[in-house]
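For the protein sequence lines, the chains are H and Z, in the order given.
Read in order, the letters of the first sequence are residues 1016 to 1277 in our numbering.
Read in order, the letters of the second sequence are residues 97 to 361 in our numbering.
By construction, these hints were calculated from the structure, which means they are not laboratory data.
One should not assume that every hint holds.
To be verified - Cβ-Cβ distance ranges computed for the label pairs, FRET-style: (1) Phe1021(H) / Arg115(Z): 36 to 46 Å; (2) Arg1101(H) / Gln266(Z): 27 to 37 Å; (3) Arg219(Z) / Glu1203(H): 45 to 55 Å; (4) Asn1100(H) / Ala160(Z): 20 to 30 Å; (5) Arg1110(H) / Ala263(Z): 32 to 42 Å; (6) Ile248(Z) / Arg1110(H): 46 to 56 Å.
Built from N, CA and C at the ideal position, the CB exists for glycine as well.
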Amino acid sequence: MFEEHFRWMEAISTRHSYVREKLGKGQPVIGVPYNEGAVILGFSPQPGKIFEIYDRIALGGLGHPADVERLRMTLLDMAHVEGFNRSAQDVTIARLLQFGLAPALKQNFEEIQRAPYLIQMLLTEINREGEAEFFRVNYDGYWETFKKGTVIAGDSKVCERIQKKIDNTDFASLSLDKALQSALRLWEEGRKKVESEKDAESSSDDDDQDGEESEKLPATLKEAFDRWNLEAAVLSRNTQRKCLYRLLTEQEISTLESAVTQ
Amino acid sequence: MKNSDPIHSSGDFFELLKRSGYNSQSAISALPENKALEIPQGTTVLAFHYKDGIIVAGDRRATAGNAIMYERCDKVIPIDDYSLMAIAGVPATAFEMARILSHNFEYYRRSQLRNMSTEGKVRALSRLLKDNVAMAMQGVGAVSPLFAIYDIQQGKPFLYFYDMLGAEFQILTHVATGSGSPMIRGVMEHENLWGSCPLEERSQEQAMSLAIRLLQTAAQFDSATGQARPEDKLYPIIAKITKDGYQFISDDEMEDIYKASMKRN
Chain H
1016 MFEEHFRWME AISTRHSYVR EKLGKGQPVI GVPYNEGAVI LGFSPQPGKI FEIYDRIALG
1076 GLGHPADVER LRMTLLDMAH VEGFNRSAQD VTIARLLQFG LAPALKQNFE EIQRAPYLIQ
1136 MLLTEINREG EAEFFRVNYD GYWETFKKGT VIAGDSKVCE RIQKKIDNTD FASLSLDKAL
1196 QSALRLWEEG RKKVESEKDA ESSSDDDDQD GEESEKLPAT LKEAFDRWNL EAAVLSRNTQ
1256 RKCLYRLLTE QEISTLESAV TQ
Chain Z
97 MKNSDPIHSS GDFFELLKRS GYNSQSAISA LPENKALEIP QGTTVLAFHY KDGIIVAGDR
157 RATAGNAIMY ERCDKVIPID DYSLMAIAGV PATAFEMARI LSHNFEYYRR SQLRNMSTEG
217 KVRALSRLLK DNVAMAMQGV GAVSPLFAIY DIQQGKPFLY FYDMLGAEFQ ILTHVATGSG
277 SPMIRGVMEH ENLWGSCPLE ERSQEQAMSL AIRLLQTAAQ FDSATGQARP EDKLYPIIAK
337 ITKDGYQFIS DDEMEDIYKA SMKRN
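This is chain H alone, in the form it adopts within the complex (with noise of 0.2 Å):
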């Protein structure tokens, strides 16, 4: 069947967007600089969106919760048999995906009789310098670095918005509070986006169900505190401990959503 070149090509275009739209719902995570070191946050109805993988290594990820669970135990698996053998300091993202995920994600893409995964991951990491990275790491195993801070959403829409306001914006000078509240507001104006453009949609057509179901995700920073949980972690400079990974209290947590829903 895919023996001519053309099939090949149409299935897997097919399968780029069959992914695309698989996505499509999956709540942004936002990765961002701050004064002592990277944020990394995101909205989700279910816990599972942040993850820590090495001392140095945090992970945020959308789309199908079993494919985020397996790539982060294959990166956790990977960052630990490394630091193990080798040293903590031969642990790094670059490494991680150039020699272990991004090929398996790509073949695995590209064998069309597979199912494929339906991911798109947000890597950040303090190198030894103490500055931070970020890397975007698509489905088919692409992957895309950042100095200013990244983000991923099933939107590639929004995600072209939040980018472009993250590049113009100096999170790396602002403090932790700061740093957290404005990558909010970035959150929110990409629900705007959604949300206005639904509504261009659905009055052009009141029938289209998909402008019904949106309505029930939250639209503002207020909404979506109520119905989901934030889920927020920093890699900070600033610790003692080898493990510069840290979650944020449930405390921090609740004094940021009270700084931006007022």
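Fit chain Z to the supplied structure of chain H, relying on the hints for placement.
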């Protein structure tokens, strides 16, 4: 990493190591028994409960038979934020165990999204020792460690002593191991029963001072235990473990504590 591969998510780092081709026994188990083989060992490490938690201390000397091989050996090793291991025995095996253990706890915590229980951690070391019995019996890998851990849930510290076969013994007061330990076990018991106050009531300052004096005493009678050498800034290693996790005493602090401790009260 195909998506048809089974997920191994027991959070067990030993299993992960085995899957990745690691063999702790490696070729060494094929070695013929050789009593003449000289491998660095001999030490004094000690630990006891004090007011805020547990003090763990050790000398710095590594020996092979009569030879002093190294004077700056760190025998108290952090495993994770809330646990420390002090080692007596063959350093190669002991350091490897500490590394495996450290990765084991962190791997469990990260993969299972919760801390391993204190009991689980205590048993993990026991399991490593048991796996090592063959090497210990051949005389090339015997290790007898101390393990100190602070349990945040229960809000109290726990101290364990292990024999080289992996049996674990919870210690409520004080313990010492290594070649110099017989010299000081009696002193510790005496201090605890008839000293100024029981060890578990002592302040951090008193506890550290006692630890330094004990190690100095051990070094006096055991050639495999190193003395402090202030002129070379060489001091015993002392760490405490409390509700805030572990903390090592820096060399600068040690200088003052050492000086004060060497005086008669």
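Tested hints:
no.: 1; hint: Phe1021(H) / Arg115(Z): 36 to 46 Å; in the structure: holds, 41 Å
no.: 2; hint: Arg1101(H) / Gln266(Z): 27 to 37 Å; in the structure: holds, 35 Å
no.: 3; hint: Arg219(Z) / Glu1203(H): 45 to 55 Å; in the structure: holds, 48 Å
no.: 4; hint: Asn1100(H) / Ala160(Z): 20 to 30 Å; in the structure: holds, 27 Å
no.: 5; hint: Arg1110(H) / Ala263(Z): 32 to 42 Å; in the structure: holds, 41 Å
no.: 6; hint: Ile248(Z) / Arg1110(H): 46 to 56 Å; in the structure: violated, 33 Å
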